[in-house]
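K.L.:
Residue strings, one per chain:
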Amino acid sequence: MEAKGYSFMRQTSSIVLRSVYKEYRRDEFVIPVLADLDLEVAEGEYLALMGPSGSGKTTLLNLVAGLDRSTKGEVTVHGQVLGHLSEAEVTRWRANNVGFIFQTYNLIPVLTAFENVELPLLLTSLSRRKRREHVMTALRIVGLEKREHHYPRQLSGGQEQRVAIARAIVTDPYLLVADEPTGDLDRTTAGEILDLLELLNREFQKTIVMVTHDPLAAARASRVLHLDKGRLVDEVIQETRVSIAS
Amino acid sequence: MKYFTYIFRNARRNPIRTFLTIASTGICLFLMMILLAFFDMREDATKANRVFNRIITMNATGFAGMVPIGRVPEVSRMEGVLAASPYGWFGGKYHDETMPFAQFSVDADSVFKILNEFRVPDSQLADFKANKDGAAIGRRLASDRGLKIGDPLPLKGDLYPVDMDLTVRAIYDGPSNRNLRMCLFHYEYLDEALKKVTMSSAYGGSLATDSARTSGNAGMIFIKCKNADVMPSLSKKIDDLYRNSEFPTRTQTEEAFGKMFSDMLGDLQNAIYGIGAAVVVSLLFVAGNAMAIAMRERTSEVAILKAIGFSKGRVLFLVLTEAILVAGLGGALGSLGCKALCDVVDVAKYSAGFLPVFYVPWRIALLGLVVSLFVGFASGVVPALLAANSSVINGLRKVV
Ligand SMILES: Nc1ncnc2c1ncn2[C@@H]1O[C@H](COP(=O)(O)OP(=O)(O)OP(=O)(O)O)[C@@H](O)[C@H]1O
Ligand SMILES: [Mg+2]
Numbered sequence: 411m412e413a414k415g416y417s418f419m420r421q422t423s424s425i426v427l428r429s430v431y432k433e434y435r436r437d438e439f440v441i442p443v444l445a446d447l448d449l450e451v452a453e454g455e456y457l458a459l460m461g462p463s464g465s466g467k468t469t470l471l472n473l474v475a476g477l478d479r480s481t482k483g484e485v486t487v488h489g490q491v492l493g494h495l496s497e498a499e500v501t502r503w504r505a506n507n508v509g510f511i512f513q514t515y516n517l518i519p520v521l522t523a524f525e526n527v528e529l530p531l532l533l534t535s536l537s538r539r540k541r542r543e544h545v546m547t548a549l550r551i552v553g554l555e556k557r558e559h560h561y562p563r564q565l566s567g568g569q570e571q572r573v574a575i576a577r578a579i580v581t582d583p584y585l586l587v588a589d590e591p592t593g594d595l596d597r598t599t600a601g602e603i604l605d606l607l608e609l610l611n612r613e614f615q616k617t618i619v620m621v622t623h624d625p626l627a628a629a630r631a632s633r634v635l636h637l638d639k640g641r642l643v644d645e646v647i648q649e650t651r652v653s654i655a656s
Numbered sequence: 000m001k002y003f004t005y006i007f008r009n010a011r012r013n014p015i016r017t018f019l020t021i022a023s024t025g026i027c028l029f030l031m032m033i034l035l036a037f038f039d040m041r042e043d044a045t046k047a048n049r050v051f052n053r054i055i056t057m058n059a060t061g062f063a064g065m066v067p068i069g070r071v072p073e074v075s076r077m078e079g080v081l082a083a084s085p086y087g088w089f090g091g092k093y094h095d096e097t098m099p100f101a102q103f104s105v106d107a108d109s110v111f112k113i114l115n116e117f118r119v120p121d122s123q124l125a126d127f128k129a130n131k132d133g134a135a136i137g138r139r140l141a142s143d144r145g146l147k148i149g150d151p152l153p154l155k156g157d158l159y160p161v162d163m164d165l166t167v168r169a170i171y172d173g174p175s176n177r178n179l180r181m182c183l184f185h186y187e188y189l190d191e192a193l194k195k196v197t198m199s200s201a202y203g204g205s206l207a208t209d210s211a212r213t214s215g216n217a218g219m220i221f222i223k224c225k226n227a228d229v230m231p232s233l234s235k236k237i238d239d240l241y242r243n244s245e246f247p248t249r250t251q252t253e254e255a256f257g258k259m260f261s262d263m264l265g266d267l268q269n270a271i272y273g274i275g276a277a278v279v280v281s282l283l284f285v286a287g288n289a290m291a292i293a294m295r296e297r298t299s300e301v302a303i304l305k306a307i308g309f310s311k312g313r314v315l316f317l318v319l320t321e322a323i324l325v326a327g328l329g330g331a332l333g334s335l336g337c338k339a340l341c342d343v344v345d346v347a348k349y350s351a352g353f354l355p356v357f358y359v360p361w362r363i364a365l366l367g368l369v370v371s372l373f374v375g376f377a378s379g380v381v382p383a384l385l386a387a388n389s390s391v392i393n394g395l396r397k398v399v
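Chains as they are written, first to last, in this note's numbering: chain W, 411 to 656; chain X, 0 to 399.
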């Protein structure tokens with residue numbers, strides 16, 4: 411995993427949402443979640459999504475990550491219109507382009523740290539040796555190369571989340587999505603995770619979309635958007651980033 | 000197989016549940032092997048008799064009926080007959096063991112001409128013929144019971160009101176698929192004993208009316224023919240000859256005779272197959288339920304796999320392989336274990352001559368393995384399809 415030679419702040423749009431409308435149907439009930447949403451995220455941007463519970467943050471994240479489809483409107487990521495892909499294609503697309511980080515880490519309990527990180531690589535044609543190299547690189551980036559043989563239950567919450575981040579970056583995806591990645595962590599550990607995300611954004615030019623309830627976490631992003639009842643309400647562009655850890 | 004670690008760890012995740020699935024599949028397959036092998040052996044043993052050109056004459060009404068001994072010389076003089084011998088099932092106890100092994104009263108002079116697949120050392124055969132209380136026993140019977148030449152072999156009458164105090168005079172050997180656990184003894188020895196009893200009970204004993212259990216009954220006539228071609232006409236000739244006598248006969252090939260026993264089991268056999276099928280189906284539900292519970296516990300994990308790019312097909316494959324692995328392991332233990340056990344322990348010993356040998360043929364062991372793989376597949380297919388088609392976003396929502 412090497413930092414790509416990006417020119418600083420290239421203004422191409424990496425994620426484009428055009429008039430996106432999303433509703434859920436449960437029997438005869440129609441629950442509108444996102445209403446007529448327009449959004450552009452630049453390549454290499456670090457976007458934080460905030461908003462009250464139920465405002466549609468996770469839903470938006472799922473659309474951007476290709477986990478769910480919009481009811482109306484178009485979602486384009488890195489030039490790919492996701493609505494044009496079949497289910498199998500969008501699955502393959504996710505494997506190549508998106509890394510996932512969740513609030514509850516979601517590691518596979520029966521696999522070691524190494525094996526958890528290796529999981530996405532099993533889908534590639536990489537040799538065992540190559541896979542090992544990539545996994546160890548990812549574990550080194552998150553500072554857990556010494557814990558490769560540990561099972562999730564033998565790790566602290568912060569360490570588990572770092573393994574999850576290693577898993578998210580091991581395929582060198584283009585986009586990282588994080589749904590409340592620090593929601594289950596104490597302040598100090600959360601700070602470490604946020605440092606790591608910042609590193610991935612700065613050094614490795616990963617485009618990041620992060621949902622968070624924590625203003626201090628949002629403060630690390632380059633832009634903060636607020637969702638309320640399925641609409642973007644205002645936009646805050648961070649001029650400078652504050653770091654809690656330092 | 001790069002997914003093997005994951006599949007294997009998943010299978011081991013809930014060791015008790017997995018163990019129970021393996022154990023129930025294993026036990027089921029074990030029993031299935033015994034049943035299938037039993038019927039298979041029976042059929043094989045029956046078919047194997049085809050090559051010996053032998054026919055058997057019995058009373059038309061069944062085993063309990065009389066075949067007068069005078070008919071043996073009559074039959075042996077017929078055109079196409081090489082040798083004929085009385086052949087009476089004695090069914091005595093050995094040291095209070097009921098039906099310990101097959102015992103037949105025979106004509107010592109001709110019986111090994113008829114059962115010519117057996118070999119007896121000349122001197123032993125001569126001893127057997129010369130001694131009225133002599134017995135010729137199979138090699139396996141001798142080794143089971145530790146019997147040597149000269150040892151007494153007392154048989155207590157069970158069907159018959161007389162005891163046979165025999166002495167081992169000959170030990171015969173032969174191909175391993177033949178019955179090497181028979182005890183053959185002189186017809187005359189039994190008949191003389193029966194004569195005494197008949198006389199003493201002639202004053203009103205019940206035996207006098209039971210013609211088949213009295214002297215002068217050959218039981219059956221075991222006939223060696225010149226070749227296979229003469230067997231049908233010879234059988235007909237014998238039966239025609241006695242049709243209008245007091246004791247009409249029924250003559251059939253040794254193979255058909257053996258099949259008669261199998262046919263008596265016929266209905267039972269079908270019932271057992273039915274029960275076997277029902278057991279496999281219930282096993283399927285047990286294994287399927289275990290797998291379904293396992294998958295429900297892993298809903299969010301499956302969602303993660305799919306989120307990071309595992310296709311439906313791959314999820315299907317992972318779950319199915321796990322189910323097949325568990326059931327297959329049980330099946331392998333049950334079927335191959337049963338085969339191995341039967342190779343070590345000779346079950347035929349306990350069949351009172353019903354089966355000359357008992358083992359689980361590879362064909363049947365492999366069939367068992369295939370059945371268990373099928374059970375694994377069938378039990379895994381519903382949980383696997385559910386997992387493969389489960390919604391990623393709902394699965395992820397369940398986490399919190
Ligand atoms: N699969 C679904 N079926 C029906 N309704 C759904 C479904 N998923 C989400 N919703 C509804 O959509 C709305 C937005 O949900 P979403 O999870 O996006 O909110 P959120 O902003 O992430 O909230 P939180 O901060 O609590 O995670 C909620 O009202 C929720 O009940
Ligand atoms: Mg949410």
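Be aware that a few hints might be false.
Taking beta-carbon pairs under 7 Å as the criterion, some of the chain W residues facing chain X (in silico) [as the list claims (entries may be wrong)]:
1) Tyr431
2) Leu471
3) Asp478
4) Arg479
5) Thr481
6) Gly483
7) Gly489
8) Val500
9) Thr501
10) Asn516
11) Val520
12) Leu533
13) Leu536
14) Gly553
Pairwise CB distance ranges (calculated) [what the hints assert, rightly or not]:
15) Leu385/X <-> His559/W: 30 to 40 Å
16) Gln490/W <-> Tyr272/X: 54 to 64 Å
17) Gly312/X <-> Asp448/W: 47 to 57 Å
If you are wondering where the hints come from, they were derived from the structure by calculation, not from laboratory data. Nothing here was measured: the structure is a model prediction, and the numbers come from that model. We put the CB at the ideal spot given by N, CA and C, even for glycine.
K.L.:
So which of those numbered hints doesn't the model satisfy?
P.N.:
1, 2, 4, 5, 6, 7, 8, 13, 14, 17
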